[in-house]
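Here is what each chain is made of, one letter per residue.
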Amino acid sequence: MTTIRQAALVAGKDLRIQFRTRFGAAALLPFAATLLIAFGLSLGPGRALLREAAPGLLWLAVLFASVLSFGQAYGSEVEDGALEGLVLAPLERAAIFLGKAAAVAAELLLLEAVVIALVVALFGLSIGARPLDLAAALVLGTVGLAAVGSLFGLVVAAARRGEALLPLLVLPLAVPILVAGTRATAAAASGGAGSWLGLLLAFDAAFVAAGMLVFGFLLED
Amino acid sequence: MWLSGVTRVFGAVPALVRIDLEVLPGEVVLVRGPNGAGKTTLLRVIATALSPTYGRGRVLGFDLLRDRAEIRRRTELVGHRTRLYDALTARENLAFAAAAWGADGAGVGDALRRVGLAELGDERVGGFSQGMRQRVALARALARDPELLLLDEPYAGLDERARRAVAELVGRVRDRGGTTIVASHDPSGATMADRVLHMDAGRLLPEAP
Numbered sequence: 005m006t007t008i009r010q011a012a013l014v015a016g017k018d019l020r021i022q023f024r025t026r027f028g029a030a031a032l033l034p035f036a037a038t039l040l041i042a043f044g045l046s047l048g049p050g051r052a053l054l055r056e057a058a059p060g061l062l063w064l065a066v067l068f069a070s071v072l073s074f075g076q077a078y079g080s081e082v083e084d085g086a087l088e089g090l091v092l093a094p095l096e097r098a099a100i101f102l103g104k105a106a107a108v109a110a111e112l113l114l115l116e117a118v119v120i121a122l123v124v125a126l127f128g129l130s131i132g133a134r135p136l137d138l139a140a141a142l143v144l145g146t147v148g149l150a151a152v153g154s155l156f157g158l159v160v161a162a163a164r165r166g167e168a169l170l171p172l173l174v175l176p177l178a179v180p181i182l183v184a185g186t187r188a189t190a191a192a193a194s195g196g197a198g199s200w201l202g203l204l205l206a207f208d209a210a211f212v213a214a215g216m217l218v219f220g221f222l223l224e225d
Numbered sequence: 030m031w032l033s034g035v036t037r038v039f040g041a042v043p044a045l046v047r048i049d050l051e052v053l054p055g056e057v058v059l060v061r062g063p064n065g066a067g068k069t070t071l072l073r074v075i076a077t078a079l080s081p082t083y084g085r086g087r088v089l090g091f092d093l094l095r096d097r098a099e100i101r102r103r104t105e106l107v108g109h110r111t112r113l114y115d116a117l118t119a120r121e122n123l124a125f126a127a128a129a130w131g132a133d134g135a136g137v138g139d140a141l142r143r144v145g146l147a148e149l150g151d152e153r154v155g156g157f158s159q160g161m162r163q164r165v166a167l168a169r170a171l172a173r174d175p176e177l178l179l180l181d182e183p184y185a186g187l188d189e190r191a192r193r194a195v196a197e198l199v200g201r202v203r204d205r206g207g208t209t210i211v212a213s214h215d216p217s218g219a220t221m222a223d224r225v226l227h228m229d230a231g232r233l234l235p236e237a238p
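Protein chains in written order, with the working numbering: chain A, 5 to 225; chain B, 30 to 238.
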């Protein structure tokens with residue numbers, strides 16, 4: 005079985021679990037919506053300020069929701085020792101990492117589709133000028149987030165009862181993605197987001213490569 | 030397979046202390062001992078789920094430290110943690126495991142029937158009792174036909190039918206020339222064992238002549 009097929013096997017299993025547990029609809033989406041409303045209330049009623057802050061609020065909501073998603077992705081692996089099953093299975097470690105990251109990325113992209121609609125409705129985010137740039141920023145930022153989260157989700161799962169560690173590990177590393185994603189989203193509304201998209205692509209390459217290299221060491225005893 | 034001087038330490042606590050063990054192909058070995066004796070750790074080291082802190086060994090002819098992938102490909106560990114995904118059905122859990130081991134999953138239905146769960150194969154295992162989950166884990170092993178079978182407390186929570194499934198599984202592995210090591214404090218396993226070993230405080234006690 006090729007690496008891609010192995011990754012697809014793991015991703016398919018995770019997506020099925022995500023769909024069955026309805027974690028996205030029951031937890032991620034309400035959490036992201038609550039954050040957006042809280043951010044909006046804290047900034048006050050000024051329409052211009054909200055519109056200016058909208059890209060950052062969008063990415064903050066996605067980032068915080070993603071941390072929940074990473075925790076859930078490994079929750080199913082630790083509940084009855086399933087992670088040991090992955091350790092003992094003759095699957096490539098890089099394929100397991102890619103599969104788990106792909107499933108998280110798919111879940112986050114679905115979440116982002118709804119979050120964008122909320123940000124447009126609540127804060128007047130403009131998506132008219134370069135919608136493809138906006139889509140590219142979201143996809144690239146999500147891939148980077150999924151890579152970071154899938155790596156550190158494993159660290160926390162292996163540590164047992166280390167859930168509080170996950171945001172401490174993920175959030176600092178995700179700051180470059182947050183900044184570049186915010187800038188790319190803002191730039192997509194006004195003109196070209198090319199250089200920020202390039203930066204996101206570079207982050208993705210670095211985080212995905214690091215995950216593929218390191219995941220096996222973290223997975224093994 | 031053989032182990033020489035295998036020691037495993039968790040923090041400062043030794044779980045295995047200088048284990049020397051030799052098991053022949055086709056042999057069924059029962060390892061008995063009280064809770065905390067190190068039986069589970071021993072099986073997990075042999076399965077390569079844990080690395081020995083010291084010591085060396087060969088399992089199915091492969092080096093315990095260097096050839097982990099080869100050992101894993103041929104070994105099935107059935108522990109008291111069933112390694113099942115609650116949100117998946119019994120059939121989906123087994124199909125995932127089969128696919129992960131490169132099999133087509135054709136034996137999944139038959140394996141579920143052998144443990145008496147054919148009718149419940151499409152139910153999510155999150156609603157199963159511990160005994161039913163153990164049976165699904167046994168079915169996973171039945172569907173694979175491993176060369177080395179490691180059973181950790183296989184009788185815990187099992188009814189008579191499931192105990193027969195354990196015996197069938199051990200018999201199938203033995204018929205194919207495979208090796209089985211059972212860790213249990215339940216004396217039931219002694220009837221099918223060729224040899225009974227005793228562990229205590231991480232040490233394998235000398236065999237009676």
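Rather than coming from a laboratory, the hints here were simulated on the basis of the structure. Being a predicted model, the structure only gives us computed values, none of them experimental. Please note: incorrect hints may appear among the correct ones.
Covered stretches of chain A (chain B as the covering partner; in silico rule of three or more C-beta atoms under 8 Å from a C-beta of chain B) [what the hints assert, rightly or not]:
| # | region |
| --- | --- |
| 1 | 106 to 114 |
| 2 | 150 to 161 |
Sample of chain B residues with no beta-carbon within 10 Å of chain A, all distances over it, derived [claimed, not checked]:
| # | residue |
| --- | --- |
| 3 | L89 |
| 4 | R110 |
| 5 | D115 |
| 6 | L226 |
Covered stretches of chain A, as calculated for chain B (at least 3 residues, CB under 8 Å) [as the list claims (entries may be wrong)]:
| # | region |
| --- | --- |
| 7 | 36 to 43 |
| 8 | 71 to 84 |
Every residue gets a Cβ at the ideal spot worked out from N, C-alpha and C, and that includes glycine.
Verification of the hints:
no. : hint       : result
1   : 106 to 114 : violated (count 0)
2   : 150 to 161 : violated (count 0)
3   : L89        : holds (14 Å)
4   : R110       : violated (3 Å)
5   : D115       : violated (6 Å)
6   : L226       : holds (23 Å)
7   : 36 to 43   : violated (count 0)
8   : 71 to 84   : holds (count 3)
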